[in-house]
Amino acid sequence: MNRGDLLKLYNRGVLSTDVKRKGAFKKSFNYVEPVPLFLGNDENGTERFAQYVPVQETLAALFKSESVREQYAATRLQPSTVNLYQDVRDGEGVQSNLLLKSEPSSVGLVLYQDAFEVVGSGERKHKVLAVYSTLADILPHNRSTINQMQLVLLCREQDFKYFGMNNVFEPLVKDLKVLEEEENFSRANDFCRYCEVDRATFMREPHLCGTTRTAQSYQSHLQDLKTSDTNSVCGIKSDSPFNQLGHFHVCQPGLLPCLGHDLFEGIVSYDLALFISHLVKEKHFTYLQLNRCKNQFKYQGNDGKGKPADLSPGSERLSGHAVQNWCFLDCYLSWWVTGLKIHIMNRDDIKEAVLSFLPGLSVETLTSLLEGFEELGVESRADLVYVQEKDLERYLRPIQTSSSWYRICCYRFSTPHKYSISLIVKFRKHLVFTHTAWHVTAWHVMVYRLSGQMERDASSNSNCSGRSKKTITRGQKRYGEGSGGPNVRA
1 MNRGDLLKLY NRGVLSTDVK RKGAFKKSFN YVEPVPLFLG NDENGTERFA
51 QYVPVQETLA ALFKSESVRE QYAATRLQPS TVNLYQDVRD GEGVQSNLLL
101 KSEPSSVGLV LYQDAFEVVG SGERKHKVLA VYSTLADILP HNRSTINQMQ
151 LVLLCREQDF KYFGMNNVFE PLVKDLKVLE EEENFSRAND FCRYCEVDRA
201 TFMREPHLCG TTRTAQSYQS HLQDLKTSDT NSVCGIKSDS PFNQLGHFHV
251 CQPGLLPCLG HDLFEGIVSY DLALFISHLV KEKHFTYLQL NRCKNQFKYQ
301 GNDGKGKPAD LSPGSERLSG HAVQNWCFLD CYLSWWVTGL KIHIMNRDDI
351 KEAVLSFLPG LSVETLTSLL EGFEELGVES RADLVYVQEK DLERYLRPIQ
401 TSSSWYRICC YRFSTPHKYS ISLIVKFRKH LVFTHTAWHV TAWHVMVYRL
451 SGQMERDASS NSNCSGRSKK TITRGQKRYG EGSGGPNVRA
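Each residue of the sequence shown is one higher than the one before, starting from 1 at the first, in the UniProt record's numbering.
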């Protein structure tokens, strides 16, 4: 088809109007129709709906792609390594899963849930809860690309809280059961999802690790909850609807940490602010000098979109989001305090933690890291009374059960929020329905337009060393392409 024929088709053919274009897309691109999920009437008597994209139909559409089938077959041919954590399947959680043992051909599905503001922090009535999915059985570098992340469910957060998670997740859990059988946290007393340590004990003895949570202890706490007058027992308020699945449990473990939220919006955010405050008190530089240097720096590539936020005197934490804080941490010593000979162990230890999530982590290396976190410290730490060692130690524990869960790319799932916000700003009426329809349509068009991209990515990934050095950033060398990490040029 030449350009003239395409223009005629656009002006007078099946692509001439918005309605015709939508019809053509749905007919030609294996479109999966979102299903409205009636939740009930809210306190004002208004009917409320969530939008659900059926998982079974989405998987069927995915496996119509030859590239997906080839990568699925390739992951099955890769033998599991002994005492070496390279990918999700090397972890104890997957290795001990009864379904994967009895049915090695089973498909692994990664679900990600998050809530995002579509207009601004003040417009909380428009906050939307989203669930995305991706396949665990494709090559890791493709798992982190947006093209492979499918929308599963959208629901207004107000409706989610009002009607409860059982009503919202019911169709998703039902579909997952069919596939199985036929085919605020920061203030919580019991805050750890991996062990049963309480906040008072943790603050008193930060190196003490409580009893590990198991499926058996989880059920025991649920039984105690039925006879208890409190609204929670050991941090458990109700049974997760996903525990209805025969081969999944939230304490298996099925709930993994998120590198972006837990580390860069948590530990790094607080610790860096403390270190900077300490250096300002030592008169190495001022907050004004630090912010001026940061603002005058010429950022490269994606760092221009994630420039670190300004830091105010007396701030307890960095105010930026995960990517901004990652960039701040990555460039902090390199740009602003080079030559001061200030020894700060925290940056190197955080970097070790991030690099440990990359493939090739051995059991011996992990054990050494865990033991090393007990000896963390900062020179002249008199006014830096902040406990982060145990946080990092807990953060590394899931690697033993879930292997290199960096490969699950949790924080990468938040990237589609940008597309969601761009749509919802334009279409606020019928918020959830309009966004779901647009999101699914755009995804199917993208899959067909880039149908051969995964194969090209696989071949280019193996030949990465042959690229020009000018096109490979320092962040890509350190974290790998598609990681979403800082990419300051070397």
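It cannot be assumed that every hint is accurate.
[Said to hold, decoys possible] Below, a list of computed lysine-lysine pairs in the DSS-like style, where the Cα atoms sit at most 27 Å apart:
| hint | residue 1 | residue 2 |
| --- | --- | --- |
| 1 | K174 | K64 |
| 2 | K283 | K294 |
| 3 | K127 | K237 |
| 4 | K64 | K20 |
| 5 | K161 | K283 |
[Unchecked claim] Label-pair distances were calculated between CB atoms; the ranges are:
| hint | residue 1 | residue 2 | range |
| --- | --- | --- | --- |
| 6 | V250 | T17 | 43 to 53 Å |
| 7 | F191 | L15 | 46 to 56 Å |
| 8 | F191 | I146 | 23 to 33 Å |
| 9 | A24 | Q296 | 25 to 35 Å |
| 10 | R204 | E66 | 51 to 61 Å |
| 11 | R69 | K22 | 27 to 37 Å |
| 12 | V250 | K20 | 26 to 36 Å |
| 13 | I146 | K22 | 35 to 45 Å |
| 14 | T227 | F285 | 52 to 62 Å |
| 15 | T230 | G301 | 17 to 27 Å |
Since the hints were made in silico from the structure, they are not lab data.
For glycine and all other residues, C-beta sits at the position ideal for the given N, C-alpha and C.
Violated constraints from the hint list, given by number and in increasing order = Structure breaks hints 5, 9, 12, 13 and 15.
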